[in-house]
Amino acid sequence: MRLLKPGKAQTGLPEEKRYASLYRWNYESRLAYLFLIPSILLMLLFLVFPLFSGIIMSLQESTFAGEVNFVGLKNFRLLLREARFLNNLKLSITYVLGNLSLSIPLAYIAALIITSQDLRGLPLFRGVFLLPFITAPVVSSVIFLSLTDASSGPVTLFIERITGERPVILATPSLAMGTIIFHSFWRSFPFVMLFLAAGMTTIPNELYEAAKVDGATGWHLFRFITFPLTRIHLALSMLIITMWTLQDAETVFALTRGGPGYSTEVLAVRLFKDSFINFNLNLGATVGVILLSISLLFMVAYLRLMQER
Amino acid sequence: MRKSLLIGLLLLCLVASAASAQVTIRVAHFYDPAAGPAHQMNLRWLEKVKEGFEAANPDIKVEFEWIKWDELDLKSLRDFRAGISHDVIYTSPQYYGLHSVAKDLLDLSPYIEKWPKEVLEDFTWSAVWSSAFPWGIPLGIHTRTIVYRRDLYEKVGLNPDKTPENLEELVEYSKKLTQDVDGDGKTDIYGLGMYFGPSRATIELYFAPYLWHFDGELWDKETKKATFASEAGIKAAQFLFDLIYTHKVTPEWSMSGTYDDVILLSFLGEKIAQAEGYGSYWIGPLEEKGWIKGLFPPTPEGQAIVADVYPTPTKYKAQFTNAWNISIHALSKHPDESFKFIEYMIQPDLLYEYPDAGLPVRLSLWERPEFKTPFYQKWQVAARNGRPMPPTAHYGDLADTVAACLQEIFAAKAPIPETLKKFEDEYNSKFAGE
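In the order they appear, the protein sequences are chains L and S.
Note that UniProt numbering gives residue 203 to position 203 of the first sequence, counting from 1, and the numbers run on in steps of one.
Note that UniProt numbering gives residue 431 to position 431 of the second sequence, counting from 1, and the numbers run on in steps of one.
FYI, nobody ran anything at the bench for these hints, they're computed from the structure.
Some clues are possibly wrong.
Listed next, the in silico SDA-like pairs over lysine to any residue satisfying Cα-Cα at most 20 Å (straight line) [what the hints assert, rightly or not]:
#1 K221/S to P390/S
#2 K293/S to K421/S
#3 K74/L to N428/S
#4 K221/S to P391/S
#5 K271/S to Y245/S
#6 K271/S to P154/L
#7 K430/S to P154/L
#8 K421/S to M177/L
#9 K422/S to A83/L
#10 K74/L to E434/S
#11 K68/S to K74/L
#12 K75/S to E67/L
#13 K430/S to P38/L
#14 K413/S to M177/L
#15 K422/S to L80/L
Chain S stretches covered by chain L per the calculated footprint, using a threshold of three residues with CB under 8 Å from any CB of chain L [stated by the list, open to error]:
#16 46-54
#17 252-262
#18 323-336
#19 380-387
#20 403-410
The model shown is predicted, which means the values in this text are computed figures rather than measured ones.
Even for Gly, the Cβ is constructed at its ideal location relative to N, Cα and C.
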C-alpha cells in the first residue's frame, strides 16, 4: 500500500511513468509471492514442522501407554551422562574425520591427475569411477560383508597370508571401524574426485600460461592458482561428505549393527536403534537434535571457509 | 415396464444390503512370496485357511495385509496410537510386556474362557502359552536343541547315541570334536557352534539359558530392573568366554555375521560338529541335505541318519521357547469375527499343516505316530523345558544391551564382572521401574 501512495517524485521520472512502474513492481512482486506460497507451505509442512516437532519431542517423555509429559532437558542430561552416548559422539567424529582424511586428499590428487594429463580412455574411467557412488549403500555393504567374511572373505584370507593369523574383521573393534571408514571412503571418493575435477576445469588456461611466463614452478601453479580457485569446491565437497557420513546409519547398520559391543555405534545408528527398533522415540529425537546441532556446526565452519578470501 | 423396473430396484437393494451385511476382516502377516519357498509355503497355507473359513462363514470376508516380520509388533503399537485399526495380527511373545502396557492388543480372556476344558488343556502344557496369554494364541512352538553330526561322533570315538548330559560333558565332547583336518595347525571343524552377534538370538539362545542354569534372572519382576550382572550372570559369561578362548571349541567368528549364517549354514557347511540354539524351524534343511530321512514332514518311519539332536544339557526350565502368536488389534471393529477366524485357524488338522509351526503347540498332535519317533520326542523334551523371556516393556533394549555387553567382553576381552555391571547400570539408569 505504501508503495502506491503518491509522494514527492525523487527519481526524476515523469509522475505517470513512475506510478506505472510502481504498480507493475507491486503487482509482479505480489504475483511472485503468490507463486511461492505452495513451496513455502510445503517447506513448512515437510521441513520446518518435523524439525520443530523433533525438538519438542526431545523435551518430552512419553510412556508406551501414550502419556506425554514435558521434561525439559532431562533427555539431554540422561544422554550426556551416558558413557555409551559419549562413545557414540566420539565414533561419529572419528567416522567423519576418517572419511574426510582419506577421501578428500586422495580425490584431490586424482582430480589433479585426470585434469592435467591427457589420459587415454578418461571418459570410460570417469564412468567406472562412478560405480561405487551409484551402487545402493546396502548393496555395497553386502559386498564388503562378503569381502570381510571371517571364514572365506578374500580380505580376511589376504591378511592371514601376510600375518599368519586369520582375523575376524567385523568382530574386532578397530578393524570393524576401519572397514566402515574404508567403505565410506570407497563410496565418496569418485564423487569428490569428479566434483573437484569439474571445478579445476573451470580455471582459465591463460592464468597458468601467464604464471609460467613469469617463471612459476608446478608447486607455485598449484599453490597460487589451482588451490585458491578450487577452495570453494573443496569446501562444498567437504560439507557434502561430512553430512553424508554424519547421517549415515544404513551402511554402518548393514555392516556391523553398531557392534562388536558399541564399538561402531555412531550417532545415526543410535538414533535408528532408539527410534525405530526399540521405540524410544523421545531419546531418538534427542539424539536427532544433537546430530542436527553438530551438522550445523560443521556447516557454519565450512561456509566460513568458503567465504574466507 | 414400471413393474419390472421396481423389481429390478428391489433386487439391487437386496444385493446391496447383502453386501453391506458381509464383514471384512484383515489379517496381518509377514509371509512374502518374493522371500523364497518357505514364505511361499506359509502363504499357501494361509490362503487355504482363508478359503476354508470364507466357505464356512459366507458373511465374513478375509483380506490379507503384509507387514515385515520384525515390524509387526511395533506397527501394531504405532497404528494403535495413530488410530489405524487392524483385525487379526501376528505377534511375538517377547513384545507382550510392551503390548500389555500399550494396550494395543485385545485381551482374549473373555473368548478363551468359553473354550471347553480339553481344548484349553491341549494348549496350556507349553511355556509358549504362558508367555502368550492373554494377548495371543500360539500357532506352534519354536524351541531349540543342540544339533550334532553322528558320523563325527563315531570318528572321534564317541557313541552317537550317548549325548552330553551336563555342561562338563558338553565341553569334553566339544573338545574331542574340534579338529584340524588338514594338519596345518588351524582348526577346520569346531566342536560347538554358538552365536554372539548383535541380534536378539544372543540373549535368547546363548546367554539366558546359561544364566538360568546358574540360577540367575535377566530382569526382576518386582523392581523392574535388569539383574543380569549377578553372580550367575558372571558364571554364564565366563562359561561362554571359556568356550571361545580357553577350550577353543567355539569359533571367534561367532561374534560376526547372522544367526542363520553362524549356526544353520556353518553346520550344513560342515564347519561345526555341533550347533547350539538349532531351531525347530530348521528341521527342513536337514532333510534337504539328506542328513535325516522322513522327518520333514514328519512320518512314523522318520530317522536321523547323519545329523541328530539332543536337548541342551542345562537345568530344567533353562531354555527359551517362543512362537508366532495370533492376536486381535485393540482397534478392531470386528473382534468377534476376528476371533472366529482365529478359532478356525487353530484347529488341530489345520495347525498340523502349518509349515512355520516349528513343532505342534497342541498336545493332541503329539499323540500322532509321526511325532512319536525318537527325533521328535527329543524336541518335545526341549519344548517342555522351555520358558519365555521376561515381560519387560523394554525387551528390545534389554536384548541389545546384553548382546553388546557380551560382544565387548569377547571382542575386547574386557573384565567380565565390571563389564556386566557397567551395561546393567546403563540399562537401569534409563529403564529401571519401567
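Hint check results:
1. K221/S to P390/S: With Cα atoms ~8 Å apart, K221/S and P390/S stay inside 20 Å; holds.
2. K293/S to K421/S: Roughly 47 Å between the alpha carbons, so the hint for K293/S and K421/S is violated.
3. K74/L to N428/S: holds, 16 Å
4. K221/S to P391/S: Measuring from Cα to Cα gives roughly 8 Å; hence the hint holds.
5. K271/S to Y245/S: holds, 18 Å
6. K271/S to P154/L: Within the cut-off at roughly 18 Å; holds.
7. K430/S to P154/L: violated, 42 Å
8. K421/S to M177/L: Violated: K421/S and M177/L sit about 25 Å apart, past 20 Å.
9. K422/S to A83/L: Holds, at roughly 9 Å.
10. K74/L to E434/S: Satisfied, since the Cα-Cα distance of roughly 16 Å is no more than 20 Å.
11. K68/S to K74/L: Cα-Cα ~34 Å, so violated.
12. K75/S to E67/L: The given pair, whose Cα atoms are some 18 Å apart, holds under the 20 Å limit.
13. K430/S to P38/L: violated, 43 Å
14. K413/S to M177/L: holds, 17 Å
15. K422/S to L80/L: With a Cα-Cα distance of about 16 Å, the restraint between K422/S and L80/L holds, given a limit of 20 Å.
16. 46-54: It is violated: at least three residues are needed, and the segment 46-54 of chain S offers just 0 whose Cβ sits closer than 8 Å to chain L.
17. 252-262: Result for this restraint: holds, n = 5.
18. 323-336: violated (count 0)
19. 380-387: Violated: only 0 residues of the segment 380-387 of chain S have a Cβ under 8 Å from chain L.
20. 403-410: Result for this restraint: holds, n = 6.
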